[in-house]
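Peer 1: Sequence:
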Amino acid sequence: MAVLADSNDNELKQLQDGGEGFTVPETNSFGQTFRDYDVESERQKGVEEFYRTQHINQTCDFVKRMREEYGKLNRVEMSIWECCELLNEFVDESDPDLDEPQIEHLLQTAEAIRKDYPNEDWLHLTGLIHDLGKVLLHPDFGELPQWAVVGDTFPVGCAFDESIVHHKYFKENPDYNNPAFNAKYGAYSEGCGLDNVFMSWGHDDYMYLVAKENKTTLPSAGLFIIRYHSFYALHRADAYKHLMNEEDIENLKWLKIFNKYDLYSKSKVRVDVEKVKPYYLSLIEKYFPEKLRW
1 MAVLADSNDN ELKQLQDGGE GFTVPETNSF GQTFRDYDVE SERQKGVEEF
51 YRTQHINQTC DFVKRMREEY GKLNRVEMSI WECCELLNEF VDESDPDLDE
101 PQIEHLLQTA EAIRKDYPNE DWLHLTGLIH DLGKVLLHPD FGELPQWAVV
151 GDTFPVGCAF DESIVHHKYF KENPDYNNPA FNAKYGAYSE GCGLDNVFMS
201 WGHDDYMYLV AKENKTTLPS AGLFIIRYHS FYALHRADAY KHLMNEEDIE
251 NLKWLKIFNK YDLYSKSKVR VDVEKVKPYY LSLIEKYFPE KLRW
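Mapped onto UniProt numbering, the consecutive letters of the sequence shown carry residue numbers 1 to 294.
Since the hints were derived computationally from the structure, they do not count as laboratory data.
There's no promise every hint is true.
[To be verified] Here are the simulated EDC-like cross-link-like pairs (lysine to aspartate or glutamate), alpha carbons at most 20 Å apart as the crow flies: (1) 64 - 143; (2) 64 - 247; (3) 171 - 49; (4) 241 - 285; (5) 256 - 172; (6) 286 - 49.
[Stated by the list, open to error] Distance ranges between label pairs, derived from CB positions: (7) 195 - 238: 16 to 24 Å; (8) 277 - 190: 43 to 51 Å; (9) 57 - 215: 31 to 39 Å; (10) 69 - 215: 15 to 23 Å; (11) 237 - 174: 33 to 41 Å.
Keep in mind the model is a prediction, meaning the values are calculated, not measured.
Don't be surprised by glycine CBs; every beta carbon is placed ideally from N, CA and C.
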């Protein structure tokens, strides 16, 4: 899919400069700084245990098996909005910043983007659907454990970068001491493109597969955001850039715009779902088929 037509540096700079209507809060809904994985809090111990389990189990072999199994898209047929409603049942155990049902986060993200960038409707929709892959937690989708669905993502098949949260637990991952997978490039080559890299399995990669295989007309930047929005080692720490190609570099600019809204729009302020629903239904109709294979 082509790179977004208007994603040149000057226009992206204008978008970044123009996105000032949304004020980044100083603290999350628990009164702590965002993404602080060490502060003593009610959720800290559970979040750390989550990452310990995730880092041990996310191997290259596991990722390949999950991609093969879920890439068949033979579990359910339903619309995007039906999927949004399913997420009402779940809270993300890896998130130190929010304990609200997921549909709240989707609408908070989308509405914050819509306010600042009213003309980028593909970005509004991307905000709404970016976390829909969390339906992997649902019984109809195999009821996967949280460590196989949520949390920060990272490449497998090459060295685990030290910028990844709770990096110390990778030492118990079977790939950590495998010479085929523990070097800088591992199974990959310089500039191979992130499309050719296996990412830890979870909601990002699953929703990316669903959108791509159901022939969405979202621009490539939208698909990039969906697949890599939890890849904080890349868009926060600039790790793994040696694997990126030119299209990845262009799309990363959009991901960095998106991340502000994904992370900092989390709050206890509720969105009036019925009021905004017609707008998002119109975007879904524009960019997706009525029913998707999941």
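Peer 1: Are the hints correct? Go through all of them and say.
Peer 2: Comparing the hints with the structure gives:
In summary, the hint linking residue 64 to residue 143 is supported, as the alpha carbons are separated by about 18 Å, within the 20 Å threshold. The straight-line distance between the Cα atoms of residue 64 and residue 247 is roughly 24 Å, outside the 20 Å bound, and the hint therefore fails. Distance hint between residue 171 and residue 49 is fulfilled; the C-alpha atoms sit about 15 Å from each other, no more than 20 Å. Annotation: proposed proximity of residue 241 to residue 285 is violated, straight-line Cα distance about 35 Å (limit 20 Å).
About 31 Å separates the Cα atoms of residue 256 and residue 172, which puts this hinted pair outside 20 Å; it is violated. Among the hinted pairs, residue 286 with residue 49 is inconsistent with the structure: their alpha-carbon atoms are about 41 Å apart, more than 20 Å. The hint said 16 to 24 Å for the Cβ distance between residue 195 and residue 238, and at roughly 19 Å that hint holds. Roughly 46 Å separates the CB atoms of residue 277 and residue 190, a value that falls within the hinted 43 to 51 Å.
At about 32 Å, the CB distance of residue 57 to residue 215 agrees with the hint of 31 to 39 Å. The hint said 15 to 23 Å for the Cβ distance between residue 69 and residue 215, and at roughly 21 Å that hint holds. Take residue 237 and residue 174: their Cβ atoms lie about 24 Å apart, and the range 33 to 41 Å is violated.
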